Amino acid sequence: MAYGAAAAHDEHEHHPTGWKRWVYSTNHKDIGTMYIVLSMIAALVGGLMSWYIRLELADPGLQFIHDTQFYNVLVTAHGFIMVFFVVMPAMIGGFGNWFVPLMIGAPDMAFPRMNNISFWLTAAGFVLLILSALVGDGPGTGWTVYPPLSSIAYHPGPSVDFGILALHVAGAGSILGAINFIVTIFNMRAPGMTMHRMPLFVWSILVTAFLLLLALPVLAGALTMLLTDRNFGTHFYEVAGGGDPLLWQHLFWFFGHPEVYIIILPAFGIISQIVSTFSKKPIFGYLGMAYAMMAIGVVGFVVWAHHMFTTGIGVNTRAYFTVATLIIAVPTGIKIFSWLATMWGGSIDFKAPMLYAMGFIWLFVLGGVTGVVLANAGIDLSFHDTYYVVAHFHYVMAIAAIFAMFGAWYYWIGKMSGRQYPEGLAKLQFWVFFVGVNVLFFPQHFLGLAGMPRRIPDYPDVYAGWNMVSSIGAAITMVGTLMFFYVVFHTLMAGKKAAANPWGAGATTLEWTVPSPAPFHTHEEMPVIGGGGHAHGGHGQVKPAE
Amino acid sequence: MSIRDMIRRLQLSMPIVCAALIGFAGTAAAEGALGEARPWQMYYQDAFSPVMKEIHEFHALLLVIITGIVLLVLGILAYIIVRFNSRRNPVPSKTAHNTLLEVAWTIVPVIILVVIAIPSLKLLYNSGRTPAYDMTLKVTGHQWYWSYNYPDHGDITFDSIPIPEADLKPGQPRLLSVDNPVVVPVGATVQVLVNSDDVIHNWAVPSLGLKKDATPGRLNETWFRADVPGVFYGMCSELCGVNHYFMPIEVHALSKTDFDAWVTKAKEQFASNSRSPVNMATSGAIAAR
Amino acid sequence: MSSRRRNLNALVLSGVAAAMLGVSFWSPTLYRLFCQGTGYEGTPKTENVVHSTQTSAAQVTVRFDANVNSALPWRFQPAQREVHLRLGEETLIHYTAANLSDQPITGTATFNVVPDKAGVYFSKLECFCFTEQTLAPGQEVSMPVVFYVDPGLAEDPTTRDVSTITLSYTFYRPDIEPKQPDNTAAIAGTRAVQAGG
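Protein chains in written order, with the numbering used here: chain V, 1 to 546; chain X, 547 to 835; chain H, 836 to 1032.
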């Protein structure tokens, strides 16, 4: 295409090279790549921590970790790293940055320099979090950081303060990123791409960005109050000074619950893209899908106290939060059924991205239904702080969200790098990882039912059996993860050249109209969106002008 | 001897057997019911309180529903794999809407949620509202042990220290046994007041359907009724520092007579702990030092 | 697409983020006002309490609970286990506190009521809530609480079943950090075990 050649010519003039290309980058693709690399490094660090935890928990007694403060620090760091430095950077910073501008026909994000600082703030936050574990005794508070345990009396030393700083810095990066995405999506869509023609992945990032904008400042406020309680003599959370530890819990979970939707909504968007492409059909019920995501986002803000059912809040309060939490199952169910209906009647190729998408659908349902169980305050009293909760959130986050990330990587790596992944090896990696995570997390439901609490380095001997099985699952998962890194290496070093559109007729979004690898600058002239989409009310499918 | 006679014999010998078995609380580990997990357990511990029994029933309902949903989705996916793979179905359909279907899969989940919400709220109000109670047990969490106080029984106060592995006697499970367990009468409705002296802990006994945060500066209330005599174990259920995993809860439920005997012994044994005579029946002036 | 419109967008969104930050800083005040205004979660009424209600025939039992934080070397207990009174009837009860140490020590108390739904009907006219009390070494004082339980308790369908209310106080030492086996000592202990074992 002429426009492609012109773009290639321009590249040689403006394209920075060397370390400055990356450190000073204002290019959404390069920044997206850096986020994905950061996420992979963090995944190895957070993963090593979890394997160490499972190594200790394989048998009753303390075999490898005798310093139980260190165990608590591992649990804390593992949680923070996975949530803030693996899943969020990969899906929002990584795939969001790469593909939102491409999908809406924009040449880059609205604020490319702010995009750069968002990335470096996130990277700095990761370093600060690691430091928090290395200074003093480390923060042994869990990612929930409840005072008084996190207050200066019970965690003297700088560890918790480093952790607070890490979250402030990373949070700032995310808030700026959220502003960037919202402004980009509202203002920079190509002519003809109405909101109701946007791909669902773009919708998912838009809703996620609003959740980030509204929820992260509340975390920042709560963290600042903890910081001043610890260091400047305030008493927001200290009873002796007239404060209340429960205030922290309300503030934290007011952020914390939307946070889990921040994690899963981009995954929903990715799954919609993959399912539509490999079924060779438009997504069933596009409008319902978009509105379901918005409903999940909105309702997600008014259910936070289901994390606080045993704190002594009143019975009527608990009844409200039970009902509100149950309601979220409705829009979520709509999405699951819509994906199934998309596949129904399709002509499906079961390539690696589609395997991950189908795995996501089933395992997200499995994890989601235990969430429906936990939503009920009356029965939550038997599950709160047990391994049943650990099983639930790992199914929806560590399995489902990670499946979406793997699926996205396989789906888009050809576009990002110009090289395609090896299909056979990828399918094998899927199966090893699938078996691993299920052996790892399914038995944890049994442990929770049987009464095993969470965040413990040693347990009564009766819980030994399923703990051993779970640890074996962790080992298999580790193999599956290492296989993935091998696939990455193999793809980037020796993968076959990827076509602009390796997926055929089902790939209808704009990123498949640019070459692979996508040139440094794309959409320098905005495509004009016309034809097809309008009569059907928009499926996120566009046909760029020839 | 007929079966009838054998049962008769068994019934008659029961009181003698039980009397022999029931010693002073803290010595016999496995008398009557046992509220503890079993190896390779895949389900709840047995229920020995009305709240836990109701939880079992509600969970049974939930399990049927969620298993159905998971199997339904699996079945649909399996069918899709078989029927709509690209070889079997080379031409994809263009269907992207079906109003009836979309309405159905909105309405049906709502109905299922209502079916869940009704027994759910019933359970919540039964467990969350303390009924008329026979006695009060005051529980205080510390790093890293529990202490107990009986304001209705002469202010008996004692610490319940976890027993280190080296000091365990046979029959005492590791990480679950304490030197002074909580003792309550069988069949008594107990109001439990929970608070903490330092960080947030959580007092939990799964087989009795108990779990309540122990928060400093705040009194939380819960309740239970042990329906059978026995020993019931629990573990602290809120991260509270380095020994969070080793501050267990041990509850013994005794018959009324045995409980009264324990009260008498405990008043003597723990006399030096008593904060003061709120109960006029006990002597003991405020020992100002 | 214009950069002015984009900048305006960004400004508005930053304002939203700043507003949420402001709300979270304002939350302690909001929290306190809401709890005290509605008696939510067991907060008894202590401000602007004017006793003008008549008494009713219905009775309620009020029991008393006391806690002392272990950093405060005081003995603190209720002078009576419980009282029976009619709704609306004003009652005076006492707690006694004694400084068991050889230094003058200041303590301050927090309180709540269970069941928490009764909080809105539990009105304290005079109490030692949140005023600092300083006791000389060995000094013992009697601290009065004057309260009544509003007859609304019997009329409100959600609280009609309440027959017993427990009032709980906890005394703290506000001037120093609580002193007990904090993590540092315990961590040193477990690390010693690891080093030695």
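Some hints could be false.
What the hints assert, rightly or not - In silico lysine to aspartate or glutamate, DMTMM-like type, Cα no more than 20 angstroms apart, as pairs:
#, chain 1, residue 1, chain 2, residue 2
1, X, Lys668, H, Glu961
2, X, Lys802, X, Asp680
3, X, Lys715, V, Asp461
4, X, Lys813, X, Glu711
5, X, Lys668, X, Asp705
6, V, Lys427, V, Glu524
7, X, Lys640, V, Asp461
8, X, Lys811, X, Asp698
9, H, Lys959, H, Glu917
Hints in this document: simulated from the structure, not taken from any laboratory. The structure displayed is predicted, hence computed values, not measured ones.
Here's how the hints hold up against the structure:
no. : hint                : result
1   : X:Lys668 / H:Glu961 : 39 angstroms, violated
2   : X:Lys802 / X:Asp680 : 12 angstroms, holds
3   : X:Lys715 / V:Asp461 : 15 angstroms, holds
4   : X:Lys813 / X:Glu711 : 29 angstroms, violated
5   : X:Lys668 / X:Asp705 : 36 angstroms, violated
6   : V:Lys427 / V:Glu524 : 37 angstroms, violated
7   : X:Lys640 / V:Asp461 : 57 angstroms, violated
8   : X:Lys811 / X:Asp698 : 15 angstroms, holds
9   : H:Lys959 / H:Glu917 : 16 angstroms, holds
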